[in-house]
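There are 2 protein chains.
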Amino acid sequence: MKTYFDCVPCFLRQALDLARFVTDDETIHENVIREVLRKASTINLSDTPPAMGQHIHRLVRQMTNNDDPYRQVKDTYNRFALDIYDEMTNKITSADNPFDTAVRLAIAGNIIDFGPQSHLTHQQVTQTIEECFTAELSADAVARLQQAILDADNILYLADNAGEIVFDRLLIEQLPHDKITLAVKGGPVINDATMHDAETAGLTTLVDVIDNGSDAPGTILTDCSDSFRKHFQQADLIIAKGQGNYETLSGADANIFFLLKAKCPIIAQHLDVPLGSLVLTTTQPQQTDLVSA
Amino acid sequence: MKTYFDCVPCFLRQALDLARFVTDDETIHENVIREVLRKASTINLSDTPPAMGQHIHRLVRQMTNNDDPYRQVKDTYNRFALDIYDEMTNKITSADNPFDTAVRLAIAGNIIDFGPQSHLTHQQVTQTIEECFTAELSADAVARLQQAILDADNILYLADNAGEIVFDRLLIEQLPHDKITLAVKGGPVINDATMHDAETAGLTTLVDVIDNGSDAPGTILTDCSDSFRKHFQQADLIIAKGQGNYETLSGADANIFFLLKAKCPIIAQHLDVPLGSLVLTTTQPQQTDLVSA
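The listed protein sequences correspond, in order, to chains B and Z.
FYI, numbering that gives the first Met the number 0 numbers position 32 of the first sequence as 31, with every residue one higher than the one before it.
FYI, numbering that gives the first Met the number 0 numbers position 197 of the second sequence as 196, with every residue one higher than the one before it.
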């Protein structure tokens, strides 16, 4: 997905929110804004939005000498999700369609995203979870994902955020573990999950976990490690979580199912769904009806 | 009022909205955004926000070869306001306190502002008018303005927008006409009133009307004509309408009463009032309690 003009004011707002989140130093706030303005004035609009996101977050980490500003937020939401893990497992095992329920929870977990929104409350997360069981989601789309998983030999699951990764575990527990490789980010960016979060969520003892070698808030293949790209090419099914992965891979030549909550108006428009929708869609043109509104 | 960091993303959004309002040409949209980004990266934050507004609107007028993109919008809202002029006059003359009612209507008219909001409906204007009669507004503040008008010999009334200027006429009709000079903008910017709108509103036959020699969406004194500055210095009371005049003159060394609707969150915060409040405040430190919430 290319960068839209409307992304530009949003980059600025996100950069300001981020700078304020990381430090109270107004000189740094100003320097961040000026540098993002300079960078954005020469932006290549055919780049995906996470390319600018990567730049902004690197900039703030450098300016504040803070390698991982969201570490505490990530820990908080990992704990939050682990605290309700048993309850959610019961929801899944007692459901008429455990796979459908696990998919819904994995998508609902994508609300734990500090990219498009700088403020998030536990209440918002709880509400998203409560609503996910009855939210619109095409049964056909879920069935096709289930069939694709059965048909696949080599599944690459691209995680998105910390906290959310515990919800991914709920879904992964419904899948054939031996087929799955889970990928996390190669370095901290926003509240995206890294290896530490995969360990905290208990996933490293369940499936193979790799990192993608990149600190972009999405999957910019050219920025990923050779090793990750090999996994990506060898996978016959990719399950990609979150907006950043959709933004960077929606045009990829691969068999990808995207699971995300549409939290940004531009992405919702790109997907032709109402803002806030649970989305399960693919890169395959013949399956565009998989988008649920 | 200085430019806050939060104004920067808003400048970008306004520039994009403006470019889209004026033309469908995406190349122009992109050029506008890039130029505003470049300009904003070197912005002097001690300048007031209307300085950047002036730059953005000049840029779009130049790029689109359109001297007055809001002419049609201005005509529409002048007509809209003139259509309800008799009804509003009756409201004032039949009110217990005609001056208070006229002040409320003049402030309510400030909703007709295409700066902070790119979309405005007649229904929003109608609702603002309906609500203004009972909205919170300090009776003390209104009484002080009334006394200041009685005490003054030479009143300069700074108009803000077209359409709104008809509401200014309703207030001006309650004032001693011979004391008043009304000032409009020297050239088109957003939907700010120019001499044409003062004529349309029937004000040129009621009071002396001058223009300020500037196309800034506020009153940047250094950008105004010598003639206007002389009027400004000689006035012993200034009634300044709208956010742009508040942003540019809130720190001025003059006896100014500001009448505005707080439509921007930063201005509302600066005034310490809820967003959407009717505001009647002054530059005089001892009268800061004039702010109504």
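A hint or two may mislead.
A pair counts as met if it fits within one copy or between any two copies, since identical chains are not told apart.
[Claimed, not checked] Simulated pairs of lysine to aspartate or glutamate, EDC-like, Cα-Cα distance not exceeding 16 Å: (1) K38 - D235; (2) K1 - E25; (3) K90 - D271; (4) K90 - D222; (5) K229 - D207; (6) K229 - D210; (7) K38 - E135; (8) K1 - D152.
By construction, these hints were calculated from the structure, which means they are not laboratory data.
Fair warning: this is a prediction, and the values are worked out from it, not measured in the lab.
Verification of the hints:
In the homo-oligomer, the alpha carbons of K38 and D235 never lie at most 16 Å apart, since the shortest distance is 37 Å inside one protomer and 48 Å across protomers. For a Cα distance limit of 16 Å, the shortest separation of K1 from E25 across copies, 14 Å, qualifies, whereas the shortest one inside one copy, 32 Å, does not. Taking the closest pair of Cα atoms, K90 and D271 never come within 16 Å of each other, the shortest separation being 30 Å inside a single copy and 47 Å across copies. For a Cα distance limit of 16 Å, the shortest separation of K90 from D222 qualifies neither inside one copy, at 38 Å, nor across copies, at 67 Å.
For the identical chains of this complex, K229 and D207 are intra-copy neighbours only, at 15 Å inside a copy versus 78 Å across copies, given an alpha-carbon limit of 16 Å. Taking the shortest Cα distances, K229 and D210 sit within 16 Å of each other inside one copy (12 Å), while across copies they are farther apart (69 Å). In this assembly of identical chains, K38 and E135 lie within 16 Å of each other by CA distance neither inside one copy nor across copies; the values are 39 Å within and 45 Å between. In this assembly of identical chains, the alpha carbons of K1 and D152 never lie at most 16 Å apart, being 31 Å within a copy and 61 Å across copies at closest.
Checked against the numbered hints above, the structure breaks hints 1, 3, 4, 7 and 8 and satisfies the rest.
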